[in-house]
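Student: If you want the building blocks of each chain, they are given just below.
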Amino acid sequence: MDFRFTDDQLMMAETARKLFAATASSAQLRAMLAKEEARDEARWSTIAETGLTMILLPEMAGGLGLGEVDFALTAEAAGYAWLPEPLVESAGIAAPLLAAINPSHELLSNTARSLAIGPAINPYVADADTAAALLLEHQGATYLRHPGEVKLTRQQSLDPFRRLFKVEWEPSGTPLSRDAALWRDALDRGALFAAAQCTGIAQRAIDIAVEYAKTREQFGKPIGSYQAVKHLLANAQVAVQFAKPVIHAAAASCAQRDLFSRARISHAKIIAAEAADLATRASLQVHGAMGYSWEVDVHFLLKRALALSATWGGPGFHRNRVLTRLREAPAGPEYGFARAGV
Amino acid sequence: MDFRFTDDQLMMAETARKLFAATASSAQLRAMLAKEEARDEARWSTIAETGLTMILLPEMAGGLGLGEVDFALTAEAAGYAWLPEPLVESAGIAAPLLAAINPSHELLSNTARSLAIGPAINPYVADADTAAALLLEHQGATYLRHPGEVKLTRQQSLDPFRRLFKVEWEPSGTPLSRDAALWRDALDRGALFAAAQCTGIAQRAIDIAVEYAKTREQFGKPIGSYQAVKHLLANAQVAVQFAKPVIHAAAASCAQRDLFSRARISHAKIIAAEAADLATRASLQVHGAMGYSWEVDVHFLLKRALALSATWGGPGFHRNRVLTRLREAPAGPEYGFARAGV
Amino acid sequence: MDLNYTKAQQNFRLEARAWLTAHVPAAPLPHFDATREGFEAHRAWERTMHQGGWSVVSWPEEYGGRGLDLIEWLIFEEEYYRVAAPGRVNQNGICLLAPTLMEFGTAEQKARFLPPMASGEEIWAQAWSEPQAGSDLAHIRATVIQDGDQLVLNGHKIWSSRAAFADWGFGLFRTPGSERHKGMSLVFFPLNAPGVTVNPIRKMDGHIGFAELFLENVRVPAFNRLGDDGQGWHICMATAGFERGLLLRSPARYQQAAAKLAAHYHAQGNDADPALGLEVARAWMNAEAYMLTIYAMSSRLLSGGKIGPEASTNKIFWSELDIHLHRTALALLGARAELTSAAAEAARDHDWLDGYIFSLAGPIYAGSNEIQRNIIAERMLGLPR
Amino acid sequence: MDLNYTKAQQNFRLEARAWLTAHVPAAPLPHFDATREGFEAHRAWERTMHQGGWSVVSWPEEYGGRGLDLIEWLIFEEEYYRVAAPGRVNQNGICLLAPTLMEFGTAEQKARFLPPMASGEEIWAQAWSEPQAGSDLAHIRATVIQDGDQLVLNGHKIWSSRAAFADWGFGLFRTPGSERHKGMSLVFFPLNAPGVTVNPIRKMDGHIGFAELFLENVRVPAFNRLGDDGQGWHICMATAGFERGLLLRSPARYQQAAAKLAAHYHAQGNDADPALGLEVARAWMNAEAYMLTIYAMSSRLLSGGKIGPEASTNKIFWSELDIHLHRTALALLGARAELTSAAAEAARDHDWLDGYIFSLAGPIYAGSNEIQRNIIAERMLGLPR
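Protein chains in written order, with full-length UniProt numbering: chain A, 1 to 342; chain B, 1 to 342; chain C, 1 to 385; chain D, 1 to 385.
Bear in mind the hints are in silico, worked out from the structure with no lab data behind them.
Just so you know, not all the hints are guaranteed correct.
Looking from chain A toward chain C, a few residues come up when the C-beta cut is under 10 Å (computed) [to be verified]:
| hint | residue |
| --- | --- |
| 1 | Q156 |
| 2 | L158 |
| 3 | Q285 |
| 4 | S309 |
| 5 | T311 |
| 6 | F317 |
Result set (DSBU-like, lysine-lysine): computed pairs, CA atoms no more than 30 Å apart in a straight line [said to hold, decoys possible]:
| hint | chain 1 | residue 1 | chain 2 | residue 2 |
| --- | --- | --- | --- | --- |
| 7 | B | K214 | B | K18 |
| 8 | B | K151 | B | K166 |
| 9 | D | K203 | B | K166 |
| 10 | B | K214 | A | K221 |
| 11 | C | K182 | B | K221 |
| 12 | D | K306 | A | K18 |
| 13 | A | K214 | C | K182 |
| 14 | D | K182 | B | K221 |
| 15 | D | K182 | A | K221 |
| 16 | B | K221 | D | K203 |
| 17 | D | K260 | D | K203 |
| 18 | D | K260 | D | K7 |
| 19 | B | K35 | B | K166 |
| 20 | D | K203 | B | K35 |
| 21 | B | K151 | B | K35 |
| 22 | C | K110 | C | K306 |
| 23 | D | K306 | A | K214 |
| 24 | C | K182 | C | K306 |
| 25 | B | K221 | A | K221 |
| 26 | D | K260 | B | K166 |
Which residues of chain D face chain C? A few of them, derived with a C-beta cut under 7 Å, are [what the hints assert, rightly or not]:
| hint | residue |
| --- | --- |
| 27 | P274 |
| 28 | A275 |
| 29 | L278 |
Glycine included, each C-beta is placed from N, C-alpha and C at the ideal position.
Taking the hints into account, I'd like the entire structure generated from these sequences.
Tutor: Written out as structure tokens, the structure reads:
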């Protein structure tokens, strides 16, 4: 029993954080938005070169063969930076799904290409037009389509960096796989990494609010010296503190693929989305009218948090998974980590 | 359309408040508790002499022939004083039920006697042993029993002033009435006046916390000057402010006996119980360890609020009545007071 | 206590309903904060309202109103929201400035400013905040100097609602050297006056909505000062009372949204998350509680009462219920909640997402909820400052 | 990261389980705060635990412990709560004072005080607060004067948990004339020493639980001071860290209650209010989140980390989850929730009502949650004081 990250894991996370800080600053993202670019090719190339897209790919697919814990830390960093590129959905969910079907699939050979993913639980597919291919679910089977083979209709998300599409297609021909378990795994990873992004978003929202509250003065004092502001941000920080270990434990047990691991993932998804909601709204309130303007970053965080909370299963879906675990398997202090109570 | 109380209503409420302040102070109630008395006969006599037990009785039963609005204000004052005697259940619910069956019933002639009431929705009957009679519900019919005719088993409530009994009895013989509508009315009045008591409780809890916060000092300042304390109590006061008009409107429309009036009563019950919970817990927190001790009154208020919130229908029961009204009848700005939208 | 409408009130409701049904535009107007076109479409609607005699129902007849009392005003608002009529682009003028103007203005000022306000000919923006003075309004620095029969204005205002497209602004200015609550004046100025620069500010929803104003030696007639020199703070606090207290947010607005929400929930039938029933019931109860509280307060005001610090309880209650109501709607929409109204598959029956984003500003503007809680604690409960 | 127990950890769990199963009293003991009998029954249980070698598992072997690490301590606690073993009457000593004593005490002090603490022979009460010093602990006035090799204590302590029946107290005293954080000493004193008056205080649940202590020229050996003269504040803050941070509330306590709650909810089947499913799931998630966070923190401490201000996040989290969990249970019980355990028809499987009342003290003691939020804001987030 050891809840610490390895040095390798910490180093990888630090690499991701630094890369995003250097290439995906607020100014850089705003400039990209002004140019109406779908993605920043230079940043995406750097991400691929650094190996972040290969964390979850098995070694026989040319990947690093690492696990969900490693990727969760990267997803957290991506949330912190509110990264526009589809790193999480492509490298964290779609590529591992394809690799599970065929680790030698040629689409996996070029790590700079992205894959889009369309599970039954999400009504829209993100970044479908710029993807090399779409992996689509139909009755548990996996179909592969190129963007040109399907009808894509852009659906505007409130998050200006989220590029959603309605995908119209026919599940004709032989699917890549008929194994529905693959989509349960994809949903688990989707929910898990959405949760990880949410804690990153939450922490960023708190950090920028703290910076603002230290300098903005009202009634002759920095607003951060008022208890109302302190307690608002302290509560948000508490929510983050108690979400992170849940995400890390959920990542560590993700491969179990059972009632217990799925309840943990659902737990992580619910509370991380709540932490992001709490923190972004607290940050908005602390920023006052300033926070309500487009010029301050808080709205980007708030919008991303809102979008992620309903993607890969909303609170109701995940709450049902938690209640199912509680109904169908024993609970109590001896079942914290041990499925058999030992 | 006039939402103001009449001078008579205000005067009656003021009479009740003054009477309770003079005869049911904290010291008086604590002394009564120390003597393990079921009720203070002197206080109860004064209450009866003042006419408070006759508000809802029709004039042909020797009563004042007033309405639920009048009694709601008295119930609010009883909550504020956390009155131990069964004024609300006897004079507010049981007596009107009996009067609706037979306004000349001899039990109504002596207003100093109390009646106990056992609706199906409440598992226990309050003050059953000291009552002149019990009105009991069985399949919508009304049975009258004297305490000596049933088996009473005391059930200890956390509220030391609440005297609950399990009542074992047989619904044999001819009931007083088979009209089930009488019990729906009783439930409405029970919920409405429980709500009114709750706002009284809430206001008392706020008032004593304010007094304490003005004088108690920590870190060289009265604790009431800290935002954390201010905002806690301000939120409680907001809850009270927005519960009272709902109770008053529910009382005013109680006689409608329809989907609309019942939803209003349920609304009042839900939010008044929440206001009492919020205010008593805020008061406890403001009092610190002092509030957790028996010597400070806040725990009496907290306990009464807890008991009332689950009596005459808990939040789930009343929420369902609200949702039923929303499902079965139109809603919207034109239906605030007007059932037909005009 | 009599919670039934009189026959006259019922007739008035039916009259308003008939007129609105006949005149409210069939399709929603483009947003007044998004484009000049949207703004002017709303101005045209104000004109139509005025022609029908419905633009300022609670004003005296001499200024274009019907002299209605608060209860009738609430009935009118109920009918207005019932048909989802357009947002009131001149709300800053009609609801905030006009009551102040009627209380503190001279007969000449009322005659000059109220009629074009009622007709929508002149649309008003507020100009309270400054970069260093948000919640702490006594900290404003913009100045006014009297020069003969003219006033010279200088300063930097921000978060001025509607100012991007409006015609007039009203704001607080201080005599140079004065401090805190003293030496302030409430002054009106045309937004196209020489020396006024209007820089639109984008809100988080992408719309413009407010603006930053730079005033450099802007000259207006001394006639444009409301009340006496130095009376500005007192007058402004009266306005803040109206704003927070009663006129800013009609209960009908939330009753209409809550009814839509309940219909949406019940339409989902067994597919609905039962836990959301809790929130739907809550949203409706909140809207009703707000309505009942405003009716109770209006009855009290009709018999001569004044709005005191309970205005602050209103502000907190409507701003929080609005957020809750829209959050619940988004939860019902699930993964489609994030779609903007521009998306093909966005929810059509109600602009829940726009409403949610708008609601998030509620705890901030018109005096942040933190400030309102201080006011409640200090002025209603008597806790020490 | 490896979230599987080692074989050795599994074996330890089974050993603890076997011993506890064999020794835990079949019927619940009477409450230790209610009567002397209850208190002594719990002392006897401490003795039984000690004889089995289970009373202080995380202490060094020389003082009666097993030298277990934090993970093993958590496992032991899981087994302890799994069988609903009796509350620990000497918790103030074992969990709060002992870690401080081990860090700051001399070898002689440890040898004198730890073994009888481990065996339950000496049961400890804390004596921090004073009537004028609750959250503001630096404001205490009780004094200590050195007189040769003796200390003379004077003052008035209040809210001393367990003091009504306990043997020893530990508390903060200051050199006369010293101020705020300076000049304080942490001193131990027998509660039956001449000059000590113990006035029990009834809690809101009717039990005694804490006491008010009056000390009049109470003489104890100078040996009874922990650390040097004036080091008291520093030492006390270390204790506060333990108290809030890790040792005061085992995650297992909440995991056990949450599992009971879930079973209770599911046993109601279709009769259960579906909206309560939300709260049941929440209660379990809270307990698990607390458990995972404590395991993560313990792993970090095992490799040399220190508890910092995140101790305050723990305090807030467990105190709030405890209230929520018990409120949910009361909601499930409905109109029977108000029955005390003395009532014939009270819920038998778990003392939900007692637990709720106890939980209400959580945001108050061990440093109020308001103070904890200040600490988080100032020391974790760096906001100005």
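Student: Evaluate each hint against the coordinates.
Tutor: Status of the hints after comparison with the structure:
1. Here the hint on A:Q156 is kept, as its CB sits about 4 Å from the closest CB of chain C, short of 10 Å.
2. With a least beta-carbon distance of about 5 Å to chain C, the hint placing A:L158 at the interface is held under the 10 Å criterion.
3. Given hint, A:Q285 at the interface with chain C, holds; its Cβ is 6 Å from that chain's nearest Cβ, closer than 10 Å.
4. For A:S309, the interface hint holds, since its Cβ comes within 10 Å of a Cβ in chain C; the closest pair sits about 9 Å apart.
5. Hint status for A:T311: holds, given a least beta-carbon distance of 6 Å to chain C, under 10 Å.
6. Checking A:F317 against chain C by beta carbon gives a least distance of about 9 Å; that is within 10 Å, so the hint holds.
7. Pair hint B:K214 plus B:K18 holds up; C-alpha atoms about 25 Å apart against a cutoff of 30 Å.
8. Using a Cα cut-off of 30 Å, the hinted pair B:K151 and B:K166 holds, with the two alpha carbons roughly 8 Å apart.
9. For the proposed pair D:K203 and B:K166, the alpha carbon gap of about 28 Å is at most 30 Å, so the pair holds.
10. With a C-alpha separation of about 24 Å, the suggested pairing of B:K214 with A:K221 holds against the 30 Å cut-off.
11. For the hint pairing C:K182 with B:K221, the CA-to-CA distance comes to about 29 Å; that is within 30 Å, so the pair holds.
12. In summary, the hint linking D:K306 to A:K18 is supported, as the alpha carbons are separated by about 27 Å, within the 30 Å threshold.
13. Using a Cα cut-off of 30 Å, the hinted pair A:K214 and C:K182 holds, with the two alpha carbons roughly 29 Å apart.
14. Using a Cα cut-off of 30 Å, the hinted pair D:K182 and B:K221 holds, with the two alpha carbons roughly 21 Å apart.
15. About 29 Å separates the Cα atoms of D:K182 and A:K221, which keeps this hinted pair within 30 Å; it holds.
16. Of the pairs offered as hints, the one joining B:K221 and D:K203 holds, with about 27 Å between alpha carbons and a cut-off of 30 Å not exceeded.
17. For the hint linking D:K260 to D:K203, the alpha-carbon distance of about 26 Å falls within 30 Å, and the restraint holds.
18. With a C-alpha separation of about 28 Å, the suggested pair D:K260 and D:K7 falls inside the 30 Å cut-off, and the hint holds.
19. For the hint pairing B:K35 with B:K166, the CA-to-CA distance comes to about 24 Å; that is within 30 Å, so the pair holds.
20. Our distance criterion of 30 Å between C-alpha atoms is met by D:K203 and B:K35, whose separation comes to about 20 Å.
21. At roughly 25 Å between alpha-carbon atoms, B:K151 and B:K35 fall within 30 Å of each other, so this suggested pair holds.
22. Between the alpha carbons of C:K110 and C:K306 the distance comes to roughly 23 Å, so the proposed pair stays at or under 30 Å and holds.
23. Between D:K306 and A:K214 the alpha-carbon distance is near 27 Å, which keeps this suggested pair within the 30 Å criterion.
24. For the hint linking C:K182 to C:K306, the alpha-carbon distance of about 24 Å falls within 30 Å, and the restraint holds.
25. The hinted pair formed by B:K221 and A:K221 meets the criterion: a straight-line CA distance of about 18 Å does not exceed 30 Å.
26. Using a Cα cut-off of 30 Å, the hinted pair D:K260 and B:K166 holds, with the two alpha carbons roughly 27 Å apart.
27. With 7 Å as the threshold, the beta carbon of D:P274 comes within range of chain C, its nearest partner Cβ sitting at about 4 Å, so the hint holds.
28. With its C-beta approaching chain C no nearer than about 4 Å, D:A275 sits inside the 7 Å limit, and its interface hint holds.
29. Hint status for D:L278 relative to chain C: holds, with the closest Cβ pair at about 4 Å, below 7 Å.
In terms of the numbered hints stated before, the structure departs from none.
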